[in-house]
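Visitor: Each chain, written out:
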Amino acid sequence: MVWSCKFFSSPITQYTRKQTEPIMRIPPPLLFPLSLLLLLLLLLLPTSHSSSSSNGEDLIDQTCKLTPFYDLCQSSLRSSPSSSSSDLRGLAQIMAGSVLDGANRTLGQIQQLLDRSSPADPAADQPLAYCAELYIPVVKYSLPQAIDALSKGRLGFAVYGITDTMNEAGDCNKKISSGDGSSSPVSDGNMLVMDLAAVALSIIKVLQKSL
Amino acid sequence: MDDATSKSFDHPYTVLGEDPSLVIPPAESRQRPTKVYFWILTSTVFLLSLAGLIVRENPNRAENSIPAAGTAIPESSQDNVRFLPVGEAEGVSAKSYPSTRGRLSFNWTAADFAWQRTSYHFQPEKNWMNDPDGPLFHLGWYHLFYQYNPDSAIWGNITWGHAVSRDMIHWLYLPLAMVPDHWYDIDGVWTGSATILPNGTIIVLYTGDTNEAVQVQNLAYPSNLSDPLLLDWVKYSDNPVITPPTGIETDEFRDPTTAWTGPNGTWYVLVGSRLNTTIGVALVYETLDFKNYTLLDHPLHTVDGTGMWECIDFYPISTNSSVGLDNSATGPEVKHVLKASLDNLKLDYYAIGTYDEGNVTWTPDDPEMDVGIGLQVDYGRYYASKTFYDQNKGRRILWGWVNETDADYDDLAKGWASVQTIPRVVTYDSLTGTNILQWPVEEIESLRLNSTEFEDVFVEAGSLVPLDIGNATQLDISVEFEIESTQALEESMLGETESQLECSVADNRTTLGPFGLAVLADESLSELTPIFFRLAKSNGSLKTLFCVDETRSSKATEVFKEIYGTVVPVLDGEKFTMRILVDHSIVESFAQAGRRVITSRVYPTEAIFDKAKLFLFNNATDLNVTAAIKIWQMNSADIHPFPLY
Chain A
1477 MVWSCKFFSS PITQYTRKQT EPIMRIPPPL LFPLSLLLLL LLLLLPTSHS SSSSNGEDLI
1537 DQTCKLTPFY DLCQSSLRSS PSSSSSDLRG LAQIMAGSVL DGANRTLGQI QQLLDRSSPA
1597 DPAADQPLAY CAELYIPVVK YSLPQAIDAL SKGRLGFAVY GITDTMNEAG DCNKKISSGD
1657 GSSSPVSDGN MLVMDLAAVA LSIIKVLQKS L
Chain Y
3 MDDATSKSFD HPYTVLGEDP SLVIPPAESR QRPTKVYFWI LTSTVFLLSL AGLIVRENPN
63 RAENSIPAAG TAIPESSQDN VRFLPVGEAE GVSAKSYPST RGRLSFNWTA ADFAWQRTSY
123 HFQPEKNWMN DPDGPLFHLG WYHLFYQYNP DSAIWGNITW GHAVSRDMIH WLYLPLAMVP
183 DHWYDIDGVW TGSATILPNG TIIVLYTGDT NEAVQVQNLA YPSNLSDPLL LDWVKYSDNP
243 VITPPTGIET DEFRDPTTAW TGPNGTWYVL VGSRLNTTIG VALVYETLDF KNYTLLDHPL
303 HTVDGTGMWE CIDFYPISTN SSVGLDNSAT GPEVKHVLKA SLDNLKLDYY AIGTYDEGNV
363 TWTPDDPEMD VGIGLQVDYG RYYASKTFYD QNKGRRILWG WVNETDADYD DLAKGWASVQ
423 TIPRVVTYDS LTGTNILQWP VEEIESLRLN STEFEDVFVE AGSLVPLDIG NATQLDISVE
483 FEIESTQALE ESMLGETESQ LECSVADNRT TLGPFGLAVL ADESLSELTP IFFRLAKSNG
543 SLKTLFCVDE TRSSKATEVF KEIYGTVVPV LDGEKFTMRI LVDHSIVESF AQAGRRVITS
603 RVYPTEAIFD KAKLFLFNNA TDLNVTAAIK IWQMNSADIH PFPLY
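Chains A and Y, in that order, give the protein sequences. All you need for my numbering is the position in the first sequence, starting with 1, plus 1476. All you need for my numbering is the position in the second sequence, starting with 1, plus 2.
Don't take each hint at face value.
With a straight-line Cα cutoff of 27 Å, these simulated DSS-like cross-link-like pairs (lysine-lysine) come out [stated by the list, open to error]:
hint	chain 1	residue 1	chain 2	residue 2
1	Y	K545	Y	K577
2	Y	K237	Y	K293
3	A	K1628	A	K1616
4	A	K1616	Y	K348
5	A	K1616	A	K1651
6	A	K1651	A	K1685
7	Y	K348	Y	K337
8	Y	K577	Y	K613
9	A	K1628	A	K1541
10	Y	K348	Y	K395
11	Y	K557	Y	K128
12	Y	K395	A	K1650
13	Y	K395	A	K1651
14	Y	K563	A	K1628
15	Y	K563	Y	K348
16	A	K1651	Y	K632
17	Y	K613	Y	K545
18	Y	K293	A	K1650
So these bits of chain Y aren't anywhere near chain A, every CB distance computed over 12 Å [stated by the list, open to error]:
hint	residue
19	L141
20	S228
21	D229
22	L233
23	N394
24	S448
25	I471
26	T628
27	P643
Rather than coming from a laboratory, the hints here were simulated on the basis of the structure. Even for Gly, the Cβ is constructed at its ideal location relative to N, Cα and C.
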């Protein structure tokens, strides 16, 4: 279709050009200063358009738009003071740090519930104990290693650790949802960790594509 | 099975059916009718021969088929000249079965070969693997290194391959850890072990085969200990750290163990060898810094008549708990296991005994069951096993190399050879007090999909029960058999003569056996692999044999089809139990909760894909059994390269 447009437009425009006067005639003495002005405008243009390198806010906004949870992404990134001056890799690291915070908090909740539980009913603890076993290697190894991997450019390794985190949080949720619902702060924690992980993964995907 | 070897393999052999003499000659002229008749004649001959090849059931197929495949030989010149198994000339144990050479290869298709690849056992994507090396746990990751040939599906050019896993089941391949690049290992980076020092430092000692084929021990360590993947390794600048001492043959000195502590900050390491060619020996080296070593004037232990001890392993085991112990543990409730891979027999033997810290010697609990003359680690196709202490979960974990039992030209055709067993937890059997127990790591349960359970299945003498479970090539089976009391049996057998205590084939019906499961069996039982118990009277009492009969596992003639078996203690009140892991061409069978284990390799031609079935059977003539069985379908472990970037 474009082909045919090009095909027909050229002879027609050629036709019309022949029949009209030029739109504007610049008097010769003004030519030099006007071209200088044009050059100046052209030089100024790039700076007003390049938000990616100097304006962090816009980068956060652009990046978060590419994630499944825009608001969560915004609030997590903004809560870190360094985010406004971070590049894409820095944002990925901040996000991974948020996942670690979320996982630490959830593990803390699990451990609190375990501490408070009555010793008379150990069976009720079983799902929580199972969840603790899932979260401990996540906060000890998977997430710290993922964050470190981001700084070293091992993006695939970072994806592995964060995906692992997402799976463990999901696993924990399946385990406690078969209970009586009294673990719902843990369930909220699991959902948050999964959502944060999903955001972090999509940021890393953008980073991988940009390399 | 997405990682099927549908890629091109090396084809040093012409696959049956590609005889060049059958290429139809081009018609030279279209005018003369005689040319047309010639064309018709040739096509007919071609088509008839093709039809003849397709009819596979013909038992005389070998004679009728095109001779090319039977006499084809590998391109490698060393194989042209000799019929020694691969490896022997270089001074390691044989890495292939020589006697299958010359036998015609079965007409395997690419799909057949692809089916043979395991779904949840560790194996590289392609090429040759043997001994497991330096297993360890570090910063959340289990590491496995392994003898690996990056260039071919037969042994040679040996490097240390590397893979990691969070759970010892889902493995991720990493780049090679060490390659032969110094004079002291230019002929091969051979087997070695890792030691984790109290401060967290990791050191590896491994055997290097030098440019003059001398076996030396070298030191290596990770270049960056904080790298959880331990990608890069550094070889000590002053290698080798140990060279063969006087009186020891320079090509019978290898496989350094994990070190353990002695008094005053000393460390001890064992290196295997032989004395006067027939006495297996564990030589002891003492070191403070892992760089300078002194040979102790006496070995840890020797056993006459056992020959060269390869892949020595020495570790403590708790006698009053199932908790694993670090290599340096000692105490009143601690015994030590000494294990060696016997070069002469290609079998792994072990014995439980007592370690004398003061003398640095070890004595077996029962000298008649000493290393090399008593118990085997595994009674099947199994070698070069090695344990490590898993400090993550406080377990002693055992790895074992499982070679192929098909011909090495099959391996070249399919492009790969060897798998590792599923790692096993090792504990002391406090009920018998005479053996270890081995059990697949519990992490394998994460592969379980759906299960089918059958209870109270009465299997009377001389019957076969098909188990309808769907796919039967990736299974985790637990079965227990109940029979009438052994006391009653013994009484009823008082008059019977003592029988030869041997497994024999499953078809051999004796009074009290065999009964068990037939795995990888097709509907018509033209192929099957029975795994069974056979009771027999011996020395006045009933003994139980635990067996795997491969003789009818495959119609292919070039594959090895063994009968593996051993007596297994069954204590009063115990039922006869088996756990079986079926994973395509590997079957791991555990009797009495791991009291005896048999690993088997089979290559069925019919009982594959959806044609493979599972049966309960009882071939005894005078014994009924009742079985309770639970069968899990197993998922793939999805072993693939680590996507690092």
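Visitor: Each hint should be assessed against the structure and marked as holding or not.
Guide: Outcome of the hint check:
At roughly 14 Å between alpha-carbon atoms, K545/Y and K577/Y fall within 27 Å of each other, so this suggested pair holds. Distance check on the hinted pair: K237/Y and K293/Y sit about 12 Å apart at the alpha-carbon level, within 27 Å; holds. In summary, the hint linking K1628/A to K1616/A is supported, as the alpha carbons are separated by about 19 Å, within the 27 Å threshold. Simply put, K1616/A and K348/Y have alpha-carbon atoms about 42 Å apart, too far for the 27 Å limit, and the pair is violated.
Using a Cα cut-off of 27 Å, the hinted pair K1616/A and K1651/A holds, with the two alpha carbons roughly 21 Å apart. For the given pair, K1651/A sits about 36 Å from K1685/A by alpha-carbon distance, which is inconsistent with the 27 Å threshold. For the hint pairing K348/Y with K337/Y, the CA-to-CA distance comes to about 26 Å; that is within 27 Å, so the pair holds. About 31 Å separates the Cα atoms of K577/Y and K613/Y, which puts this hinted pair outside 27 Å; it is violated.
Of the pairs offered as hints, the one joining K1628/A and K1541/A holds, with about 26 Å between alpha carbons and a cut-off of 27 Å not exceeded. About 32 Å separates the Cα atoms of K348/Y and K395/Y, which puts this hinted pair outside 27 Å; it is violated. Annotation: proposed proximity of K557/Y to K128/Y holds, straight-line Cα distance about 25 Å (limit 27 Å). For the hint linking K395/Y to K1650/A, the alpha-carbon distance of about 24 Å falls within 27 Å, and the restraint holds.
Taking the CA atoms of K395/Y and K1651/A, the gap is about 22 Å. The hint holds against a cut of 27 Å. The straight-line distance between the Cα atoms of K563/Y and K1628/A is roughly 51 Å, outside the 27 Å bound, and the hint therefore fails. Taking the CA atoms of K563/Y and K348/Y, the gap is about 16 Å. The hint holds against a cut of 27 Å. Using a Cα cut-off of 27 Å, the hinted pair K1651/A and K632/Y holds, with the two alpha carbons roughly 23 Å apart.
Our distance criterion of 27 Å between C-alpha atoms is broken by K613/Y and K545/Y, whose separation comes to about 35 Å. Pair hint K293/Y plus K1650/A does not hold up; C-alpha atoms about 52 Å apart against a cutoff of 27 Å. Consistency note on L141/Y: stated as away from chain A, yet its beta-carbon is not over 12 Å from all of that chain's, at 6 Å minimum. Distance to chain A contradicts S228/Y as a non-interface residue, since its nearest Cβ pair spans about 8 Å, not more than 12 Å.
D229/Y, annotated as away from the interface, has a beta carbon of chain A within 12 Å; the closest lies near 9 Å. The Cβ of L233/Y does not lie farther than 12 Å from every Cβ of chain A; its closest approach is about 10 Å, which violates its non-interface assignment. The claim that N394/Y lies off the interface is violated: its Cβ sits roughly 9 Å from the closest Cβ of chain A, which falls inside the 12 Å cut-off. With a closest Cβ-Cβ approach of about 10 Å to chain A, S448/Y is found to fall inside the 12 Å limit, against its non-interface label.
Under the 12 Å C-beta cut-off, the non-interface status given to I471/Y relative to chain A holds; the minimum distance is some 26 Å. Non-interface status of T628/Y relative to chain A is upheld: no Cβ of that chain comes within 12 Å, the nearest being about 32 Å off. Annotated as non-interface, P643/Y brings its C-beta within 12 Å of a C-beta of chain A; the closest such distance is 10 Å.
Checked against the numbered hints given earlier, this structure breaks hints 4, 6, 8, 10, 14, 17, 18, 19, 20, 21, 22, 23, 24 and 27; the rest are met.
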